[in-house]
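Please arrange chain Y on chain D, whose structure you already have, making use of the hints.
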Amino acid sequence: MAKESTTIDVGEPSTVTKSSSHVVKDAKKKGFVAVASRGGAKRGLAIFDFLLRLAAIAVTIGAASVMYTAEETLPFFTQFLQFQAGYDDLPAFQYFVIAVAVVASYLVLSLPFSIVSIVRPHAVAPRLILLICDTLVVTLNTSAAAAAASITYLAHNGNQSTNWLPICQQFGDFCQNVSTAVVADSIAILFFIVLIIISAIALKRH
Amino acid sequence: MKSGQAEIMETSKGIQKSGLMSRRIAILEFILRIVAFFNTIGSAILMGTTHETLPFFTQFIRFQAEYNDLPALTFFVVANAVVSGYLILSLTLAFVHIVKRKTQNTRILLIILDVAMLGLLTSGASSAAAIVYLAHNGNNKTNWFAICQQFNSFCERISGSLIGSFIAIVLLILLILLSAIALSRRH
Chain D
1 MAKESTTIDV
11 GEPSTVTKSS
21 SHVVKDAKKK
31 GFVAVASRGG
41 AKRGLAIFDF
51 LLRLAAIAVT
61 IGAASVMYTA
71 EETLPFFTQF
81 LQFQAGYDDL
91 PAFQYFVIAV
101 AVVASYLVLS
111 LPFSIVSIVR
121 PHAVAPRLIL
131 LICDTLVVTL
141 NTSAAAAAAS
151 ITYLAHNGNQ
161 STNWLPICQQ
171 FGDFCQNVST
181 AVVADSIAIL
191 FFIVLIIISA
201 IALKRH
Chain Y
1001 MKSGQAEIME
1011 TSKGIQKSGL
1021 MSRRIAILEF
1031 ILRIVAFFNT
1041 IGSAILMGTT
1051 HETLPFFTQF
1061 IRFQAEYNDL
1071 PALTFFVVAN
1081 AVVSGYLILS
1091 LTLAFVHIVK
1101 RKTQNTRILL
1111 IILDVAMLGL
1121 LTSGASSAAA
1131 IVYLAHNGNN
1141 KTNWFAICQQ
1151 FNSFCERISG
1161 SLIGSFIAIV
1171 LLILLILLSA
1181 IALSRRH
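Chains D and Y, in that order, are what the protein sequence lines are.
For the first sequence, counting from 1, position 5 maps to 5 in my numbering; every step adds exactly one.
One gets my numbering by counting positions in the second sequence from 1 and adding 1000 to each.
Next comes chain D alone, as it looks inside the complex (with noise of 0.2 angstroms):
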């Protein structure tokens, strides 16, 4: 019982003025703290994003290379078919080599921007001209994979309906370097999407 009630003495005016020193120091540390972590969020979400226009730049000029070197020559020559084929010989892969070069490049040019975030985490313009840029490459992308693709799966299955062959049968070789290229840009359109998620997230204010 004395033990007790000296105890409770004691505890009451230090209790009293550590608790007022530590609500000050508190609610400093707090601030100090969100302000940290704001940023530090952001930042995080912006090297993520660097990061990933880096992986995609690789995973692009990937694509357009090995649609570009897509070409075959049959050792034979045979009365219907051509003993050639390349990837000019169909617009829509000449399409596919020039829209994606052309996102290589968008990727490479975006890099600075994407560098301005990073060190300004909180900077609203830098965010939106990217989120916007990174809609419209992101159309021409997936329109390109897309047009490659359906000739792709032409060239394999044909169609019996309008009497189309498949071509896949002769050059094999050609199809598979097509058809590893429309994966390869599948691949950069997933980043991109991702990218422009990143961007919306980011351009949240509280």
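Take these hints with a grain of salt, some might be off.
[Unchecked claim] A few chain D residues facing chain Y, derived, Cβ under 8 angstroms: (1) Pro91; (2) Gln94; (3) Val119; (4) Ile129; (5) Leu131; (6) Ile132; (7) Thr135; (8) Leu136; (9) Thr139; (10) Ser161.
[What the hints assert, rightly or not] List of simulated lysine-lysine pairs, DSSO-like, C-alpha gap at most 30 angstroms: (11) D/Lys204 - Y/Lys1100; (12) Y/Lys1013 - Y/Lys1100; (13) Y/Lys1102 - D/Lys204; (14) D/Lys204 - Y/Lys1013; (15) Y/Lys1013 - Y/Lys1102.
These are calculated hints, taken from the structure and not from any lab test.
C-beta atoms are modelled at their ideal positions from N, C-alpha and C, and glycine is treated no differently.
Chain Y in isolation, oriented as in the chain D frame:
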């Protein structure tokens, strides 16, 4: 006191202007969704109901043409139908944006869904465009013959349905831009 009151009035005017601008953006978004819906549903119906039978039978070419003879055109119809369904459902959220003021989370959700639908619609329209181009012009290198010399009205119809889809693609891009602008304006 007078200067203080003037500042308060200016601040309140600024807030009202900001709210008014946000509401205008939300209303424009609502209207664009309705227009995009009519474009996608029109494209799907136009492509889905296309059909032509030739009055004669030839040895090498089939005497009947439908949209589902080509997988890309089937995918086109499905993609446009899905996107038009999504646009109808998204009108609810767009209406919420007009009524409410704090709509950050739903706007991000709409942007994500809009981007996904834009990808689906673009892939459907572009794959169909590639096939339609091939149907019109054929290809000498692969011995794929142009079928539009026999099926004129079929090809006119499938070409026309692509227009509505590409208009909807542009509208979806505008919707994403509007959402981004609305997101960056909030305080």
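Checked hints:
Restraint check, D/Pro91 versus chain Y: the minimum CB separation of about 7 angstroms is within 8 angstroms; hint holds. For D/Gln94, the interface hint is violated, since its Cβ never comes within 8 angstroms of a Cβ in chain Y; the closest pair sits about 11 angstroms apart. With a cut of 8 angstroms, the hint placing D/Val119 at the interface with chain Y is violated, because the nearest CB-to-CB distance is about 18 angstroms. With its C-beta approaching chain Y no nearer than about 10 angstroms, D/Ile129 sits outside the 8 angstroms limit, and its interface hint is violated.
For D/Leu131, the interface hint holds, since its Cβ comes within 8 angstroms of a Cβ in chain Y; the closest pair sits about 5 angstroms apart. The interface hint given for D/Ile132 is met, as the beta carbon of that residue sits about 6 angstroms from the closest beta carbon of chain Y, less than 8 angstroms. Of the supplied interface hints, the one on D/Thr135 holds, with its beta-carbon coming within about 5 angstroms of a beta-carbon of chain Y, less than 8 angstroms. Because the closest C-beta pair between D/Leu136 and chain Y is about 7 angstroms apart, less than 8 angstroms, the hint holds.
A least Cβ separation of about 5 angstroms between D/Thr139 and chain Y falls short of the 8 angstroms threshold, and the interface hint therefore holds. The closest approach between the C-beta of D/Ser161 and any C-beta of chain Y is roughly 4 angstroms, which is under the 8 angstroms cut-off, so the hint is satisfied. Proposed proximity of D/Lys204 and Y/Lys1100 is supported: the alpha carbons are some 16 angstroms apart, at most 30 angstroms. About 19 angstroms separates the Cα atoms of Y/Lys1013 and Y/Lys1100, which keeps this hinted pair within 30 angstroms; it holds.
For the suggested pair Y/Lys1102 and D/Lys204, the alpha carbons sit about 11 angstroms apart, so the restraint of at most 30 angstroms is met. Only pairs whose Cα atoms come within 30 angstroms are accepted, and D/Lys204 paired with Y/Lys1013 is accepted, the gap being roughly 24 angstroms. In summary, the hint linking Y/Lys1013 to Y/Lys1102 is supported, as the alpha carbons are separated by about 19 angstroms, within the 30 angstroms threshold.
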